[in-house]
Amino acid sequence: MSDALKAKVAELFNEPGCDKNAAKGEKERKKGCSKPLTPGAAAGGCAFDGAKIALQPITDVVHLVHGPLACEGNGWDNRHAASSGPRLYRLGVTTDLSQMDIVMGTGEKRLYKAIKEVIARYAPPAVFVYSTCVPALIGDDIGAVCAYASDKLGTPCIPVDAPGFVGSKNLGNKLAGEALLDHVIGTMEPEVSTPFDINILGEYNLSGELWQVRPLFEALGIRVHACVTGDARYREVASAHRAKVNMMVCSTALINVARKMEERWGIPYFEGSFYGISDTSTALRSVAKLLVSRGAPEDLIARTEALIAAEEARAWARIEPYRQRLAGKRVLLYTGGVKSWSIVSALQEMGMVVVGTSVRKSTDNDKQKIKDIMGGDAHMVESIPPREMYAQLRRGDADILLSGGRTQFVALKARVPWLDINQERHEAYAGYDGMVTLVQELDRSLSNPVWAEVRRLAPWEEGETEDWLDDNVPRLTPLAREG
Amino acid sequence: MAEIIKSRKPVSINPLKSSTPLGAALGYLGIEGAVPLLHGSQGCTSFALVLLVRHYKEAIPLQTTAMDEVATILGAAGNMEEALLNLQRRMKPRFIGIASTALVETRGEDYAGDLKLILARQPELADTSVVFASTPDYIGALEDGWAAAVSAVIDGVVAPWSPAVTSFQQVNVLPGVNQTPADIEYLRDLIESFGLYPVILPDLSGSLDGHIAEDWCATTQGGARLEEVAQMARAVHTIAIGEHMRQPADLLCSLTGVPVTVFSTLTGLAPNDRLLSLLSHISGRAVPGRYRRQRSQLLDAMLDGHFHFGGKRIAIAADPDLLFSLSQFFTSMGAKIVAAVASTANSPNLAQIPTERVIIGDLTDMEDAVRAAGGADLLVTHSHGRQSARRLGIPLLRVGFPIFDRLGTAHMHTVGYCGTRDLIFRVANLFMGQMHEHKPDDFAPARPAPFNEEIVHDSASLAAH
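Protein sequence lines, in the order shown, are assigned to chains V and P.
Using UniProt numbering, the first residue of the first sequence is number 1, and each one after it goes up by one.
Using UniProt numbering, the first residue of the second sequence is number 1, and each one after it goes up by one.
The hints are simulated quantities; they were obtained by calculation from the structure and are not laboratory data.
Don't take each hint at face value.
Straight line, CA to CA, 27 Å or less: simulated DSS-like cross-link-like pairs of lysine-lysine [stated by the list, open to error]:
1. P:K439 with P:K312
2. V:K6 with V:K109
3. P:K9 with V:K109
4. P:K9 with V:K152
5. V:K109 with P:K6
6. V:K116 with P:K6
7. P:K9 with V:K116
8. V:K109 with V:K152
9. P:K312 with P:K336
10. V:K113 with P:K439
11. V:K113 with P:K336
12. V:K369 with V:K329
13. V:K329 with V:K289
Construct the entire structure; sequences and hints are all you get.
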C-alpha cells in the first residue's frame with residue numbers, strides 16, 4: 001500500500017472526534033481500531049465496498065471502478081439509493097482489467113482512456129475513480145492519473161483510494177470521506193446561501209428516506225444544502241462548506257468529515273438520527289439550536305417546538321390503531337449502531353417487547369443508551385451464530401426478527417416473520433412518517449395468515465389423516481396373504 | 001458464419017459478465033455438505049454472496065480467506081490454512097471447494113503446493129475433501145468458473161477406472177451453469193424413465209431449489225453426493241451440456257474411459273430428439289409414451305407460437321453458450337437476431353451463431369448495436385438489462401444469471417421438450433402483452449397516393465359548403 005494511503009489510515013484510526021478512540025490509552029490508540037479478520041469466519045464487505053456505498057448516491061457523476069471485473073461486475077445496481085433526477089450514478093463502470101493489463105502494467109493507461117471515454121459519452125460534472133486490490137498491489141497510481149486527467153480533460157476526477165484489503169466497510173466509509181475533503185468539498189461556491197443552510201452527513205437516501213425528512217426542514221424554512229451523499233449533485237457536495245450546521249447520521253461513519261469541516265470552516269456538527277419519533281424530534285431541536293447560535297433568528301426554536309408537537313401528535317394518532325394489535329409481541333432486533341437503540345425505544349413506545357438487541361457494531365455510547373432505555377443490559381446480545389438464532393426462533397423465543405438481509409433466511413426457514421431494516425430494504429422508515437410505515441409493516445408481517453399455514457404439519461405427519469375424511473370414503477383393503 | 005468483434009471501448013459500462021470465481025462457487029454449491037471458499041479479500045466473497053442471495057433468495061454458504069494487507073504482501077498460505085481449519089471446526093463440511101481470485105493470482109502464489117502441504121500436516125482435515133480451482137477474475141466469466149470448479153472436483157474426487165470397476169446402468173450428467181434446478185430435475189426424471197441411474201455433477205436441484213428443511217444447516221443441503229461422484233467410472237455414458245463443459249467432460253473421459261456426448265444446447269426440438277435417441281440407444285428401451293406426448297405438445301406450441309416469433313427482431317446479450325443456445329432457439333422459431341453480445345470469446349460456437357456479427361462486450365455495446373441496427377422488439381439478457389430495456393423502450397426476457405428482480409428463477413426451465421414449450425409460451429406472452437392496437441396512421445405509407453384532381457375536387461366542394 002502506498003505511503004500516502006498508509007498515513008491516511010493511521011490518521012483515521014486516531015480520530016479525536018471519536019469517543020471510543022479518545023477513551024483509549026496511548027499505546028492502544030497506536031494499534032488502530034480495525035479488528036483482525038478471521039479467515040473462514042469473516043462476514044461483511046471490504047473497504048472498497050464501504051467507499052462505494054458512501055459515494056455512489058452522488059447522482060450526476062460517473063463512478064468508475066479501476067480493477068478486475070468482480071469488484072464492480074458482481075456488485076453494481078445493488079442498492080436503493082434513490083435519485084430525484086439524474087440516473088448516471090446507476091451505471092456500472094469498470095476498467096475490467098485483463099490479464100494483459102496486469103502483466104504488462106498498462107492499467108494506468110487503460111484507466112486514463114476509460115476516464116476519457118466516459119467523459120466523452122456522458123459529460124458528467126465529475127468522475128469518481130475507485131482503486132481496488134489488484135491495481136493497488138501492482139502499484140497503479142490512481143492519484144496521478146486523476147490529476148493528469150483532471151488537468152487534460154477539464155473535468156474533476158476524484159481518486160478514491162480504498163482498496164479492499166486495507167480493511168472493513170467502515171474504514172472504507174471514512175476513506176471516502178477523506179476523498180471528499182481532499183478533492184471535492186470547498187472547490188465550488190454555492191449559487192445561493194442562506195442562514196438556514198444545513199448539511200446532512202451519512203444519509204444515503206435509501207428507498208427515499210431523505211424525502212421523508214426534507215419536508216420537515218422545509219416547513220421550518222431550513223434548507224438542506226447538501227446531503228452527503230443521498231440524492232446529491234456534485235455541485236452541492238463541492239459547495240457544502242458554506243452551510244451553517246452539519247448533522248451527522250448513521251453513527252460515526254463520516255465523523256472525520258464532520259470534524260474537519262468544523263476545523264476548516266467552523267461548521268459545528270452534532271450526531272443525530274431520524275429513526276424513531278423522539279429521535280427525530282431531538283434532531284430537529286438540535287438543528288434549530290445550532291442554527292440560532294450561528295445567527296438564525298431566535299423564533300426558529302419556538303417554530304420548531306410547534307412543528308414537533310404537531311408532527312408527534314399526528315404520528316401517534318396514525319399509530320394508535322395498531323397499538324392494540326402489536327402490544328406484547330416479542331421482537332428480536334439484530335442490527336447495529338444507532339438502530340440498536342433508536343428503534344428499541346420506538347418499539348417499546350408501541351408496547352412491544354424487545355427480547356434482544358445486538359450490540360456487535362455499537363459504540364459504548366450506543367450501549368449506554370440501550371441500558372438507559374431497556375433498564376439494564378440483560379437483553380444486549382453480541383453476535384448470534386445462525387444455527388443458534390434458528391434454534392431460538394424455532395423454539396418461539398420471538399414473534400418477529402428485525403435484521404438485515406444476511407439473517408433473512410434464518411428467520412424464514414424457521415417459519416418466523418422477518419422485516420428488513422438494513423440498507424437493502426425497499427421501505428423508507430425515517431422521520432415521523434417512516435415510523436408509521438414501520439409500524440404498518442410490522443403489523444402487515446405479523447398478521448399474515450401464511451405463518452399459521454407454513455407451521456402446520458402435513459396431515460400424514462400428524463398421524464391424524466383420518467380426521468377430515470368422511471367415514472364413507474371407501475378404501476382398498478389389503479388382501480390377506482394365503483397360508 | 002458470424003464475424004466476432006471485440007468491443008473497442010477501453011472501459012466496461014454496465015458489465016454483462018459475472019465473475020469467474022462466482023461461477024466456481026456456484027459449481028461447488030451443487031455438492032452435498034459443501035462450503036465454497038474464495039481465496040482473496042473479504043470483499044470478493046461479500047459481493048459474490050450478495051449476488052447469489054439476490055438470485056436464489058436462499059441462504060448461501062460462502063466463505064473467504066480474508067486476505068488483509070499483510071497477507072497481500074507477505075503471502076496468503078497461512079490464511080488458507082486458518083480458513084480451512086476454521087471452516088472444519090465451525091461448519092463441519094464434507095467438502096470445501098476453493099476458488100482463487102484476481103488478488104491471489106496477481107501475487108502468483110503456489111496455492112496448489114500450499115494446499116498439499118496443509119492437507120499433509122493437518123489431520124483435522126482428513127475427513128474433508130478439499131479441491132482447488134484457479135479462477136482469476138481477469139480471465140473468463142461465469143461459465144469458465146463453473147467449468148473450472150467441475151474439473152477440480154473431477155480431478156480431486158473421481159476414482160480413475162481400474163479393472164475392479166464394474167459397469168452399472170449409470171449415466172453421468174455434467175450440466176452447464178445455465179441449467180436451473182428445474183432443468184436438472186427434468187433430466188433426472190428423463191434418464192430414470194429409461195431405467196438408467198443418473199449421477200449429476202454439479203447438482204443444484206437438491207441444494208438451491210428453494211425448500212424448507214427440518215433443521216438449520218450451515219453447509220449445502222442436498223446436491224451431488226461425493227460417494228457417487230467418486231464412482232463416475234461406473235457409468236456407460238457421460239452427457240455434458242454446453243461447450244464450456246467439454247473440457248471437464250474430456251477430463252472425466254480421460255480418467256474413466258466413459259464415452260462422452262456434449263450437447264451444445266438442450267433447448268429446441270432437434271437437440272432433444274438427439275438426446276432421447278441417445279438414451280434409447282444406451283438403454284435399449286423405446287422412448288416412453290409420455291415423452292412422445294411431450295414432443296407432440298412442443299410441436300403444437302411451435303405452431304401456436306410461430307405467429308408471434310416470425311420476423312421479430314431480437315437482441316441477446318449473454319455468456320457464450322447461453323447466447324448460442326438462445327439464438328438457435330429464436331432463429332428456429334422464425335425470429336431474427338439483430339444484436340448478439342457475448343461476455344467472453346471462450347466458445348468455438350460463437351462463429352456458428354446465426355447473425356452477422358457477435359460482439360464481445362457489455363450491455364452498453366448491446367444498446368449501441370440495437371440502435372445501429374435500427375431497433376429491436378425484444379431484449380434477452382439477465383436482470384441487469386432492465387436499465388437498457390427501459391432506455392430502448394422494449395420488453396426484457398430475463399435469462400441466465402443474475403435474475404434478482406423476479407421470483408422462482410430456480411424453477412424456470414428451458415431444457416427438454418417441456419422447457420422449450422414453456423419458453424415459447426413465455427416469449428409469445430411477452431409479445432402479446434405488448435400487442436399494438438392498430439390505428440389508421442399505421443397504414444398511412446401503405447396506402448396509394450390519392451389523385452391530385454380528387455384533392456382539388458374535395459377542397460373545392462369543402463370551400464363551397
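Structure-based check of each hint:
For the given pair, K439 of chain P sits about 20 Å from K312 of chain P by alpha-carbon distance, which is consistent with the 27 Å threshold. A threshold of 27 Å between alpha carbons decides the hint, and for K6 of chain V with K109 of chain V the separation of about 25 Å falls inside it, so the pair holds. Taken as a hint, the K9 of chain P and K109 of chain V pair is honoured in the structure, with Cα atoms around 13 Å apart against an allowance of 27 Å. This hinted pair checks out: K9 of chain P and K152 of chain V have alpha carbons roughly 20 Å apart, not beyond 27 Å.
With a C-alpha separation of about 19 Å, the suggested pairing of K109 of chain V with K6 of chain P holds against the 27 Å cut-off. Only pairs whose Cα atoms come within 27 Å are accepted, and K116 of chain V paired with K6 of chain P is accepted, the gap being roughly 19 Å. Of the supplied pair hints, the one linking K9 of chain P and K116 of chain V holds, its CA atoms being roughly 11 Å apart against a limit of 27 Å. A distance of roughly 14 Å separates the Cα atoms of K109 of chain V and K152 of chain V; the hinted pair therefore holds under the 27 Å criterion.
Only pairs whose Cα atoms come within 27 Å are accepted, and K312 of chain P paired with K336 of chain P is accepted, the gap being roughly 6 Å. Only pairs whose Cα atoms come within 27 Å are accepted, and K113 of chain V paired with K439 of chain P is rejected, the gap being roughly 48 Å. At roughly 35 Å between alpha-carbon atoms, K113 of chain V and K336 of chain P are farther apart than 27 Å, so this suggested pair is violated. Of the supplied pair hints, the one linking K369 of chain V and K329 of chain V holds, its CA atoms being roughly 22 Å apart against a limit of 27 Å.
As the CA atoms of K329 of chain V and K289 of chain V are separated by approximately 38 Å, the hinted pair breaks the 27 Å bound.
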